[in-house]
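Student: The chain contents come next:
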Amino acid sequence: MAEERRFRSACGAPIALRRRQHSASCRELAVRGPRLQLRSLSAATSAVWLAAYGLFALSENSMVLSAAIFITLIGLIIYLHFVKIDQESLLVIGSLGIQVTSSYASGKESTTFIEMGQVKDVVINEAIHMQKVIYYLCILLQDPEDPQGVSEVVPLFQSSKPRLDCLIEVYKSCQEILEQRKTAPQSS
Amino acid sequence: MVLKVFFPSCCSSADSGILIGRWISEQNSAVILAVVHFPFIPVQVKQYLGEVQRVTKVSVSVLGSWSNSKQEKEESLSEFLEDLGTIFSHEPWIQISKEGDSKFWSCSTLQKHSNNPQEEEIILVYYDQRKVMLSHLHPPLDTAAQGAEDASKLSAIFGTVARSRVLFMTDRYDEGPIKLTHWQSDGVEASIIVELMKQASVPACMLLTFLLSLVSGICRSRVLKFWPLSFLWSKLSICEQLGHRLQHLQVISSNRKAQNQTQLMRKANIFVSLLIDVALGILLMSWLYRKNRIGHLADTLIPVADHVAEELQDLLQWLMGAPAGLKMNRALDQVLGRFFLYHIHLWISYIHLLSPFIEMILWYVGLSACLGLTVALCILSDIIALLTFHIYCFYVYGARLYCLKIYGLSSLWRLFRGKKWNVLRQRVDSCSYDLDQLFIGTLLFTILLFLLPTTALYYLVFTLLRLLVVIVQGLIHLLVDLIDSLPLYSLLLRLCRSYRLAAGVKFRVLEQQDGKPLRLLMQINPLSYGAVVQTYRLPTYSCYPRDSWASLCKKLFLGELIYPWKHKGEKQN
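Chains R and V, in that order, are what the protein sequence lines are.
Quick note on our numbering: the first sequence kicks off at 1 and runs consecutively.
Quick note on our numbering: the second sequence kicks off at 1 and runs consecutively.
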């Protein structure tokens, strides 16, 4: 079953959290950021082309116009494929692992899967960024040598940066599944 | 605890039978490798599995039953399948059944000796058997040092499928007591070209090894080790590059089979890199020799050398006058200027002596570009070094003079203050000098101090020229390094068969139905291009800066000679 709730990101933009429970030990949590607006895209394109036309009027060289078109196209492709993240999702499968996916505006998806044996815990951390204190959710990875130690911290939802209320929802959902592995008989 | 069943997607449409695979009890997961169909004799199945276990060292056993009924559930079949559980005793006995064309299968387990009678949750994970078998899992780079095989659950699964290759050799057209379904059960694929190449590669390797042993024998002969020649070989970068390529050829043509994935990839990378290098070299050669471009190049070489010499003469005339408005010491200026001018005059005469032979030399040297683009670039770098040899000489003269002056000045400055350098204690001590010592010392100090600007200016100009040449040579060597070390085969593999290089897996949740087990699809997550280059880079004799910026500046200030590039494997002096 799926449910969707609206929240705000750290910068104030509207984001949506969608929770789906696939089975008793499998949950998917997806945070969707604001989509690319047509008006900001047209504004950027018009600004570039106006500047190019102004340069053309000054220099009488038509290469400026072709260069501007080329730059706009390449810039747009790079932005959609490498920069603009539409949705970040977390798939928690008890006893298998946690999968973190980022979907870009061009449809590209970059996925990382962390096995359950490496996951120590999922916590909410604070960070001081410029003049703000922001909260972020992160996965603590187990250090193989030291059972009490943490070898790496993997931050989640870095592009949509949800606020604390949204993070608490995600945290509670994750912890419900992570607790199951403590109650189950331990495997090596 | 949750039970995980890894089911190959190729067996989804197989007829009813029993499931064979490996049970990993630490992870409570079952990796299913194939389905054995009716009719079979249980004793023969056990015998076959024992043989497979002996060959592959994978503990393959019968894990459960699979029933694929086209019509409604047949009661008798399900009882029969349950009874099979008593013949092949396995804890737990997994029963998967599929009805008609439904996507949602029912999966249940029979536990005879279980402590907790409650139903445990079952997760069904589909995987593409062929891709998982061919894929190579790369652990994250920082944990590559620890590396037990079952450190990661996934590597256990990948390892199981990869090592069970012999199980996939029988297909359904084989006559035998056991009928299996797996990814190759429709017939074993093979390619004629690959087989022919494998057959041809053995004699080719032997021939290549023989030729290489001849060549390396000649290289190591005593004739080439006499002093002037060995010094020359060590200075020319082309000899290093040729030696490097010889080493590569030896690696490829050795008839030892590659032990593991890394060695195989390295051999393949070297082979593709050599091929592309030679292809580009031949392309360059054909471009150079068409329309007699080599002749044009040779014709322009002498005028270019003349032009460089003229520019240097103009520069020296400028230095001998009042460069940038600075006032030089006239006498020293004239001496140094005339000395360098005479040197340039000698150099030009030598170049003009060589000029009739230049075209022929260049023509034959250009032929060696067919050995590879890297060889051609190294030749270019060496030609630049030879043509700018006079700049190197000027730099050495200027640096030595300046260095002497700086040391003299520092020693006399200590005398001026009444101190002395104690060689034994390696420190500055006070010392009482006689009056005449002090007098002469102060005089010399003044002379050296006032002659310093002239020497410093000559040193500065020639050092800048030398650094320019060094930078150009360094760029060419960087390009050669890049061509040498880029793992082209791995990059092509990542582009075309991305499942072969796996960084991990990704799961996709398929349609669910209440009451049925959770269905997931396991796909291979390929390695990123940056990680591919970093993992499979070929080691080169790469040149990299010997000194940090700070020590380089210090050496320049003191006038010590700088050799900015250091080659790996060179002894530190």
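Warning: the hint list may mix true and false statements.
Stated by the list, open to error - Not close to chain V: a few residues of chain R, all C-beta gaps over 12 angstroms, as computed: (1) GLY12; (2) ARG20; (3) ILE93; (4) LEU96; (5) GLU109; (6) PHE113; (7) GLN180.
Claimed, not checked - Label-pair restraints from in silico Cβ distances: (8) ALA204(V) / ILE71(R): 29 to 35 angstroms; (9) GLY325(V) / ILE71(R): 52 to 58 angstroms; (10) ILE71(R) / LEU409(V): 29 to 35 angstroms; (11) LEU38(R) / ARG508(V): 28 to 34 angstroms.
Quick caveat, the hints were computed from the structure, so don't treat them as lab data.
In this text, a Cβ means the ideal position worked out from N, Cα and C, and glycines have one as well.
Student: Each of the hints needs a verdict: does it hold here or not?
Tutor: Hints, verified against the model:
Under the 12 angstroms C-beta cut-off, the non-interface status given to GLY12(R) relative to chain V holds; the minimum distance is some 32 angstroms. Under the 12 angstroms C-beta cut-off, the non-interface status given to ARG20(R) relative to chain V is violated; the minimum distance is some 8 angstroms. Non-interface status of ILE93(R) relative to chain V is broken: a Cβ of that chain comes within 12 angstroms, the nearest being about 7 angstroms off. At roughly 7 angstroms from the closest C-beta of chain V, the C-beta of LEU96(R) falls inside 12 angstroms, breaking its exclusion from the interface.
Interface exclusion of GLU109(R) from chain V breaks down, the closest Cβ pair being 8 angstroms apart, not more than 12 angstroms. In this structure PHE113(R) is not separated from chain V by more than 12 angstroms, as the shortest Cβ-Cβ distance comes to only about 5 angstroms. Taking the minimum C-beta to C-beta distance to chain V, about 8 angstroms, the non-interface status of GLN180(R) is violated against the 12 angstroms cut. Taking 29 to 35 angstroms as the suggested C-beta distance range, the pair ALA204(V) and ILE71(R) does not conform, at roughly 51 angstroms.
For GLY325(V) paired with ILE71(R), a C-beta distance near 45 angstroms fails the hint of 52 to 58 angstroms. The supplied range of 29 to 35 angstroms is broken by ILE71(R) and LEU409(V), whose beta-carbon atoms lie about 56 angstroms from each other. One distance hint, 28 to 34 angstroms for the beta-carbon pair LEU38(R) and ARG508(V), holds here, with the actual separation near 31 angstroms.
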